[in-house]
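Protein chains: 2
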Amino acid sequence: SCHKNQDSLLSSASGYSKYRGILNWCVVMLVLSNARLFLENLLKYGILVDPIQVISLFLNDPYSWPAACLVIVANVFVLVALYTERQLSKGSFSERVGCLIHCVNMAVLITFPAAVVLLLPSVTPVGAASALSIYTILFLKLYSYKDVNLWCRELSTIKVKKLSRSLSCPSQQHFSGGDCKVSYPGNLTLRDMYYFVFAPTLCYELNFPRSPNIRMSFLLRRLCEMLFFTQLLVALTQQWMVPIIRSSMKPLEDMDMSRMAERLLRLAVPNHLLWLMFFYWFFHSSMNFTAELLRFGDRQFYNDWWNSETVTYFWQNWNIPVHKWCLRHFYKPLLRRGFSKIVSQSAVFFLSAFFHEYLVSVPLRMFRLWAFMGMIAQIPLAWFVGRFLRGNYGNAAVWISIIIGQPFAVLMYVHDYYVLHYSSHSQASPH
Amino acid sequence: SCHKNQDSLLSSASGYSKYRGILNWCVVMLVLSNARLFLENLLKYGILVDPIQVISLFLNDPYSWPAACLVIVANVFVLVALYTERQLSKGSFSERVGCLIHCVNMAVLITFPAAVVLLLPSVTPVGAASALSIYTILFLKLYSYKDVNLWCRELSTIKVKKLSRSLSCPSQQHFSGGDCKVSYPGNLTLRDMYYFVFAPTLCYELNFPRSPNIRMSFLLRRLCEMLFFTQLLVALTQQWMVPIIRSSMKPLEDMDMSRMAERLLRLAVPNHLLWLMFFYWFFHSSMNFTAELLRFGDRQFYNDWWNSETVTYFWQNWNIPVHKWCLRHFYKPLLRRGFSKIVSQSAVFFLSAFFHEYLVSVPLRMFRLWAFMGMIAQIPLAWFVGRFLRGNYGNAAVWISIIIGQPFAVLMYVHDYYVLHYSSHSQASPH
Chain C
215 SCHKNQDSLL SSASGYSKYR GILNWCVVML VLSNARLFLE NLLKYGILVD PIQVISLFLN
275 DPYSWPAACL VIVANVFVLV ALYTERQLSK GSFSERVGCL IHCVNMAVLI TFPAAVVLLL
335 PSVTPVGAAS ALSIYTILFL KLYSYKDVNL WCRELSTIKV KKLSRSLSCP SQQHFSGGDC
395 KVSYPGNLTL RDMYYFVFAP TLCYELNFPR SPNIRMSFLL RRLCEMLFFT QLLVALTQQW
455 MVPIIRSSMK PLEDMDMSRM AERLLRLAVP NHLLWLMFFY WFFHSSMNFT AELLRFGDRQ
515 FYNDWWNSET VTYFWQNWNI PVHKWCLRHF YKPLLRRGFS KIVSQSAVFF LSAFFHEYLV
575 SVPLRMFRLW AFMGMIAQIP LAWFVGRFLR GNYGNAAVWI SIIIGQPFAV LMYVHDYYVL
635 HYSSHSQASP H
Chain G
215 SCHKNQDSLL SSASGYSKYR GILNWCVVML VLSNARLFLE NLLKYGILVD PIQVISLFLN
275 DPYSWPAACL VIVANVFVLV ALYTERQLSK GSFSERVGCL IHCVNMAVLI TFPAAVVLLL
335 PSVTPVGAAS ALSIYTILFL KLYSYKDVNL WCRELSTIKV KKLSRSLSCP SQQHFSGGDC
395 KVSYPGNLTL RDMYYFVFAP TLCYELNFPR SPNIRMSFLL RRLCEMLFFT QLLVALTQQW
455 MVPIIRSSMK PLEDMDMSRM AERLLRLAVP NHLLWLMFFY WFFHSSMNFT AELLRFGDRQ
515 FYNDWWNSET VTYFWQNWNI PVHKWCLRHF YKPLLRRGFS KIVSQSAVFF LSAFFHEYLV
575 SVPLRMFRLW AFMGMIAQIP LAWFVGRFLR GNYGNAAVWI SIIIGQPFAV LMYVHDYYVL
635 HYSSHSQASP H
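Residue numbers (my numbering), protein chains in the order written: chain C, 215 to 645; chain G, 215 to 645.
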């Protein structure tokens with residue numbers, strides 16, 4: 215027979231649930247929509263990509279390299295930290311003096327580049343941001359270095375008391391070749407220090423896990439990815455981000471709400487794609503490249519944050535080196551000192567907020583607290599998502615907060631920077 | 215220990231494959247992109263939705279309803295078909311005469327409305343398209359009606375010869391109530407004929423499967439969907455489609471290729487969404503509504519075409535009533551007459567192409583063969599996709615052909631219609 219009793223597939227009664235094709239539909243629609251935007255952009259603006267222009271972001275004057283000089287000076291702090299630890303291990307410095315020197319060293323480490331950037335007008339914002347990022351990473355590394363060496367001394371003191379003999383014999387390492395375990399204070403060498411400084415981790419350990427050899431094909435593939443994504447990031451920023459940001463200035467100045475919302479959504483797509491590319495470029499390509507070069511074994515630089523169903527899970531998994539550092543050197547010590555979980559967690563967000571603000575405000579020479587507030591806003595957001603949204607809804611909420619939150623902060627800073635630097639000129643010119 | 219030997223998740227060596235969050239990402243990105251487009255459109259054009267304007271699409275002069283009159287006249291053809299079948303069942307007409315009357319009836323059925331539309335200028339394109347669609351559906355239904363009744367007569371002749379007694383006793387139905395099986399020629403009643411005319415199927419059967427009762431909540435939900443989607447379709451067409459089509463006229467006239475491609479991609483998204491809504495409105499809401507009202511049991515009006523990995527699968531599953539008709543009354547008879555599969559399949563595409571062209575060209579009073587060629591192009595496309603693409607790639611290819619192919623044809627017709635009706639005026643005005 216030609217007909218028989220049956221329900222339509224889309225009726226709830228049919229129990230049908232195979233929608234694999236819908237995923238393909240989503241992908242096709244995304245590609246086509248963006249192909250259209252790309253074509254529209256090209257027709258409207260022509261080709262704006264200009265690799266030479268990138269250099270001018272780092273340098274004002276080709277004969278002075280202030281940011282590069284700053285990075286070279288950073289070595290001084292590394293050497294001071296190593297020297298202090300050596301004196302501590304020999305007992306020449308008491309724990310108190312050592313702690314004081316470390317504190318002064320790290321306080322200078324974090325304030326000195328900021329002062330240079332704020333006082334020296336020849337430092338460009340991009341150059342300053344790069345230098346400050348390196349100083350921030352170094353700060354976290356040296357803090358970890360100090361902590362771990364302190365723990366080693368504490369441990370050996372306990373062992374000496376317990377077993378009446380020291381397990382940490384410096385001559386041991388000398389006799390048993392490079393591949394064997396190093397023990398305190400045999401780790402206090404220049405070579406070990408600089409391995410840690412360049413290694414893609416923020417947590418110091420006496421014996422890092424090492425990969426057996428350098429795989430050349432892996433290294434080359436990561437290098438190609440790095441070069442390709444660098445080009446793509448620069449090209450997309452110039453071709454896609456800059457025109458949108460330029461056209462957003464007028465509505466932002468007029469505080470035209472509906473147009474601002476439109477510009478925000480328009481900026482969200484390229485900003486998000488650039489962030490995804492940056493993530494892959496930095497956390498996969500660059501870090502794996504460095505790790506392969508240094509035969510560093512632990513390649514867990516990120517976890518599956520794309521599946522995160524809570525805001526907390528996202529922050530714990532998208533940047534594993536920072537997460538590990540926070541857990542080991544900030545969150546757990548706070549818990550040990552008797553603070554509650556919620557206070558310690560909030561403190562981590564505050565610390566993160568401070569460094570976000572530090573890395574944005576100082577290079578722009580403009581203190582607006584948007585980045586700080588953006589990070590602090592994660593605490594109520596995490597509470598809301600964790601409390602009310604589950605599963606895929608939670609995941610969608612995390613995505614929306616990433617996609618919308620970032621361009622919001624970007625627009626805020628760009629607007630303030632524009633008002634500060636250009637608006638006064640344009641108002642002055644009619645006079 | 216803080217570190218251990220492990221690969222990054224995105225390295226191929228890690229064997230990681232959980233990307234559920236990426237699907238959510240796609241959905242979020244699609245929603246946000248379209249929210250942005252929606253806002254941009256509102257800011258650019260204001261609110262263009264105007265329900266009153268819709269009426270003017272159906273009527274030029276509120277005192278003459280040519281399309282509605284055409285639909286009423288259609289009853290004549292239904293009655294002629296029923297009368298012919300009755301005479302045939304009684305033996306008053308020979309098979310030859312019956313076939314001739316049916317052929318003339320259906321030839322007039324398909325040419326008469328076309329002639330009226332082409333000769334009467336008061337018929338609007340939308341009104342004409344609606345009337346012609348109804349005539350086309352009626353044509354397919356009456357063809358099926360004729361075929362099935364012929365098969366019944368052939369079957370009973372064979373049975374008479376074999377068993378020397380007729381199983382098809384007309385008095386049987388008379389005694390055994392309405393719910394029992396009807397047998398030929400007991401089906402040749404006005405009531406049975408009109409049930410078939412209104413039923414959501416194109417294939418006639420003596421005994422359709424029936425649902426036990428009318429579920430009021432189901433009926434109301436489908437009715438609400440119908441009303442809601444009608445509003446939405448009209449609103450989106452006026453607000454989204456029309457401005458894009460208007461702005462495409464200039465590039466199309468100038469044959470500016472890159473701008474035409476941009477407009478095509480820009481049109482593709484709203485056109486595709488409207489088509490999806492139309493699909494749901496017609497094949498799910500309206501057909502289920504009619505079926506529920508008539509207690510028609512077979513609700514398979516569409517199959518899972520969204521998962522189709524070949525073009526053929528798509529055409530076999532998105533419109534089940536037409537597919538069933540083609541299979542039963544065109545494809546299988548052709549096979550029985552000794553044609554090969556590939557020839558019969560191509561013939562089905564040609565028939566479909568003819569009706570597509572008929573439904574577009576006649577209402578627009580403009581013969582351009584774009585719709586015809588669009589359908590014919592499915593044959594090489596089906597071959598290409600079936601030959602070279604598998605699984606999700608095939609599915610993506612089907613989606614792309616749907617998303618891009620339709621707006622291409624739409625733009626072609628709109629362009630030709632515009633050139634024919636408006637371009638000459640605008641060129642004449644400067645004189």
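No lab work stands behind these hints: they were computed from the structure.
Everything numeric in this text was worked out from a predicted model, so none of it was measured.
Beta carbons: idealized from backbone N, C-alpha and C, even for Gly.
Any given hint could be a false lead.
Part of the chain C face toward chain G, derived, beta carbon under 10 Å [stated by the list, open to error]: (1) LEU224; (2) ALA249; (3) SER306; (4) ASN427; (5) MET430; (6) LEU479.
- Task: Run the structure past the numbered hints and jot down the numbers of the failing ones, going up.
- Result: Hints 3, 4 and 5 not satisfied by this model.
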